[in-house]
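There are 2 protein chains.
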Amino acid sequence: MRVTPQPVRRQVEERLREAIITSRFMPGEHLSDRMLGDVFGVSRGVIREAVRLLEAEGLIKVVPNRGPFVAFLSAAEATQVYEVRAVLEALAGQGFAERASTEEIAELREVFEELAATRPGTDRMVLLNLKRRFYGVMLRGCRNAYVARMLDQLLNRNSQLRATTLSDPKRLPQTIAEIRRIVEAIERRDPGAAWAACREHVHQAAQVALRILNQQARDEAAQGLEVALD
Amino acid sequence: MRVTPQPVRRQVEERLREAIITSRFMPGEHLSDRMLGDVFGVSRGVIREAVRLLEAEGLIKVVPNRGPFVAFLSAAEATQVYEVRAVLEALAGQGFAERASTEEIAELREVFEELAATRPGTDRMVLLNLKRRFYGVMLRGCRNAYVARMLDQLLNRNSQLRATTLSDPKRLPQTIAEIRRIVEAIERRDPGAAWAACREHVHQAAQVALRILNQQARDEAAQGLEVALD
DNA sequence: ATTTGTCAGATTGTCTGTCAATATGACGAG
DNA sequence: CTCGTCATATTGACAGACAATCTGACAAAT
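Chains as they are written, first to last, in UniProt numbering: chain R, 1 to 230; chain H, 1 to 230.
Don't read these hints as lab results, they were simulated from the structure.
Using N, Cα and C, we set each Cβ at its ideal position, and we do this for glycine too.
Treat the hints with caution; some may be incorrect.
Rough simulated footprint, nothing fancy, chain H against chain R, three-plus residues with beta-carbon under 8 Å [to be verified]:
# : stretch
1 : 17–28
2 : 37–51
3 : 83–97
4 : 160–168
Label pairs and their in silico Cβ distance ranges [stated by the list, open to error]:
# : chain 1 : residue 1 : chain 2 : residue 2 : range
5 : R       : Gln-215   : H       : Gln-174   : 38 to 44 Å
6 : H       : Val-39    : R       : Lys-170   : 58 to 64 Å
7 : R       : Pro-173   : H       : Gln-204   : 30 to 36 Å
Could you build all of it, start to finish, from the sequences and the hints given here?
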């Protein structure tokens, strides 16, 4: 078996993507190519290529002559992301119900049970990783590389927001119930029900996420007011 | 007014994208960075950055240690693309019906009338450009940058196939009728009908496209047989 | 005190040259 | 005809350089 080692560029892409998704680089932060070159121990050329890729994925926003910045997700954009996510996730669920193997369905159930077994107060990163595994199975099993790639990008794009909503202790049981409906529809091989359950799940998540975003906006406005009154 | 000239890199990205979409570079063709550097008159670094971006858009496939190639769309992939396009286009149509301004609706009608007025035998590129203008209005008016970006990528990805199906003289009246239904639903501000009409339009296009793809596959198989018999 | 102007320093955008690792294609041996 | 071997071309990656542009600070002017 021929094993081609991954080029340095790919490793940098992955590490940088992961760093942004896990908020090791904060939204709005300036990603100077020299600085990144030092951090990752590679040349500017490699960094610039990796940045271009993550720019196309929407994780990085490049301002001409000022360089790359970690993309910031406004409330308006979040609304749009959830709108698209709803239909793509529905399509993925439908495809999975139609085309996944019985082994893949069992695997989905397995990950779901792990998620359902978490106790309140579980670390948000643990929860997010479980959910990511769930999506991993889903996107492989739906047999559509395009929906997989696009949905993956969207999930990365608002992973920070998802970590927040997912770890809301009051919301978790509700979330699990929604996902259970997805899994059950898939086990029944009912594409229509899977579609509807996925869509409903994203809609519910959007509700919570937007409430949190608006709350944050209010907080910041209040803080801005305090600062102004200093 | 501050006018920042577009960086060379952006121009190369655009020109390369356009060249691939319009089949000036054929699918499967090897895009050596030195060669592209000569063609566009820029350094390898700029080319490599542009390639990375188009790679993320799916127009270019990079093989490790062999470089970039113009992406090839198999019949299986085309099926997947149409599946995703159907829901994204439906979402765009729905959003347009809900949120576009009356001026934008008038503009959509205008472009549609131009398309409807074409006579049989019109050049495929003229038709494709009209359809691109139609989508341009649609994607701006749907007020969702994410669905716009993703749908744009998908449309670029299979523009070659679209040019073929659009210019099929037997298919054109049918196509126009489908698009008329979209425009009329939008003019009625009926999001549900717009959704359904868009979906139906893509489904129909997919039927034709896949028939053509399978026909091509048969042709190539036959040709391969001849060659084998030489 | 606020605005405007200027200037040094840092960063981006781009080019050139270099070098190791890998793939390609031709050539000759078996 | 098939299988190694080798020269050549290309990719992947690095370093250094330099003009254009942005930033932030400080000085001048209103």
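We went through each hint and held it up to the structure:
Look at the stretch 17–28 of chain R against chain H: 0 of its residues bring a Cβ nearer than 8 Å to a Cβ of that chain, fewer than three, so the hint is violated. Proximity of the stretch 37–51 of chain R to chain H, defined as three or more residues with a beta carbon under 8 Å from a beta carbon of that chain, is established by the 4 residues found. Requiring three or more residues with a Cβ within less than 8 Å of a Cβ of chain H, the coverage given for the stretch 83–97 of chain R holds, as 7 such residues are present. Requiring three or more residues with a Cβ within less than 8 Å of a Cβ of chain H, the coverage given for the stretch 160–168 of chain R is violated, as only 0 such residues are present.
The given range of 38 to 44 Å is broken by Gln-215 of chain R and Gln-174 of chain H, whose C-beta atoms sit roughly 51 Å from each other. For the pair Val-39 of chain H and Lys-170 of chain R, the supplied restraint of 58 to 64 Å holds, since their beta-carbon distance comes to about 59 Å. At roughly 44 Å, the beta-carbon separation of Pro-173 of chain R and Gln-204 of chain H lies outside the given 30 to 36 Å, and the hint is violated.
Violation of the numbered hints given earlier is confined to hints 1, 4, 5 and 7; the remaining hints are satisfied by the structure.
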